[in-house]
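Using the sequences provided together with the hints, build the complete structure.
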Amino acid sequence: MRTCTRYLLMLLILLTSSFLSFAATTERADDGYPVWNADNISLVYLSDSTQYVSDPDRILSQEYRDSANYYLNLLNHELDVQTVFIIVRHVKNADAFRMAQDVGNKYGVGFKDTRTGLVIVIATEDHQYFIAPGKGLEAYLPDAICNRIAERYLKPNMRLNNPNLAVSQTCHAVYSQLKSGELPPATALSADDEEVTWGDVILLILIIIIIVYLWRHNGGNINTGGFNGGGFRDGGFRGGYIGGGFGGGFGGGF
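Note that the sequence shown covers residues 260 to 513 in my numbering.
Derived by calculation from the structure, the hints in this document are not laboratory data.
For every residue, glycine included, the Cβ atom is placed at its ideal position computed from N, Cα and C.
Mixed in with the good hints there might be a few duds.
Cβ-Cβ distance ranges computed for the label pairs, FRET-style [said to hold, decoys possible]:
{"no.": "1", "residue 1": "Ala353", "residue 2": "Arg317", "range": "17 to 27 Å"}
{"no.": "2", "residue 1": "Arg317", "residue 2": "Gly512", "range": "17 to 27 Å"}
{"no.": "3", "residue 1": "Pro444", "residue 2": "Leu338", "range": "20 to 30 Å"}
{"no.": "4", "residue 1": "Pro443", "residue 2": "Asn299", "range": "27 to 37 Å"}
Derived SDA-like pairs: lysine to any residue, alpha-carbon spacing no greater than 20 Å straight-line [as the list claims (entries may be wrong)]:
{"no.": "5", "residue 1": "Lys351", "residue 2": "Glu384"}
{"no.": "6", "residue 1": "Lys438", "residue 2": "Lys351"}
{"no.": "7", "residue 1": "Lys414", "residue 2": "Ser320"}
{"no.": "8", "residue 1": "Lys438", "residue 2": "Tyr399"}
{"no.": "9", "residue 1": "Lys371", "residue 2": "Lys414"}
{"no.": "10", "residue 1": "Lys371", "residue 2": "Leu338"}
{"no.": "11", "residue 1": "Lys414", "residue 2": "Ala353"}
{"no.": "12", "residue 1": "Lys414", "residue 2": "Asp402"}
{"no.": "13", "residue 1": "Lys438", "residue 2": "Asp402"}
{"no.": "14", "residue 1": "Lys351", "residue 2": "Tyr366"}
{"no.": "15", "residue 1": "Lys414", "residue 2": "His386"}
Shown next as structure tokens:
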């Protein structure tokens, strides 16, 4: 009995010491939440290979965390793309770029032979994000595609204070892009939620003018043929070495 009590006491002391050590060494922002960096962030994947999302501040609901992990698991097992998705309130110096690069470098995210790793960071209270693909993904996730993913899924949802959809839709979009070369429709935002800009109004007016002109010019027939498709040029990601150096990528504010 005394031996058991002694072990329990030692365990309690160890846990208390660990907690106090963490509290003392973890920087905190003005709102009291931790400021995360590559040294103090815990990657859940290291203890559970089905969990790619690290959410130490518990920002996401379980439903949407599971949805994100579902798509990232497909990326891993179908396309050999190993992903770390970090969502926190604050990162050191409000620098999501540095956070992504440091995590990629420290943990060697991805597979060394293919260099197809991916690190995505969202800092909700810093209003910053960064998408850092490995060198093996440069041709498939150039900056134009990363920007489109951010503009269509990540940034609009974050501006609506909806990190759940921002994360789950971004993961779905990355998987769809790498699987089929196409992005899914951003259907979650209703027309009432979408922000109408002057650019949208001007574009609508121009479309109406063109339709009226064609209708009059062709005697009421506006069928002029078809559309020719186009494509994206590679955006020039440089760096992103998996299992060694990790650099390059795309990010910004929201």
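Tested hints:
{"no.": "1", "hint": "Ala353 - Arg317: 17 to 27 Å", "verdict": "holds, 20 Å"}
{"no.": "2", "hint": "Arg317 - Gly512: 17 to 27 Å", "verdict": "holds, 23 Å"}
{"no.": "3", "hint": "Pro444 - Leu338: 20 to 30 Å", "verdict": "holds, 21 Å"}
{"no.": "4", "hint": "Pro443 - Asn299: 27 to 37 Å", "verdict": "holds, 34 Å"}
{"no.": "5", "hint": "Lys351 - Glu384", "verdict": "holds, 12 Å"}
{"no.": "6", "hint": "Lys438 - Lys351", "verdict": "violated, 33 Å"}
{"no.": "7", "hint": "Lys414 - Ser320", "verdict": "holds, 19 Å"}
{"no.": "8", "hint": "Lys438 - Tyr399", "verdict": "holds, 10 Å"}
{"no.": "9", "hint": "Lys371 - Lys414", "verdict": "violated, 31 Å"}
{"no.": "10", "hint": "Lys371 - Leu338", "verdict": "holds, 14 Å"}
{"no.": "11", "hint": "Lys414 - Ala353", "verdict": "holds, 17 Å"}
{"no.": "12", "hint": "Lys414 - Asp402", "verdict": "holds, 15 Å"}
{"no.": "13", "hint": "Lys438 - Asp402", "verdict": "holds, 18 Å"}
{"no.": "14", "hint": "Lys351 - Tyr366", "verdict": "holds, 18 Å"}
{"no.": "15", "hint": "Lys414 - His386", "verdict": "holds, 9 Å"}
Of the hints listed earlier, those the structure fails to meet are numbers 6, 9, in rising order.
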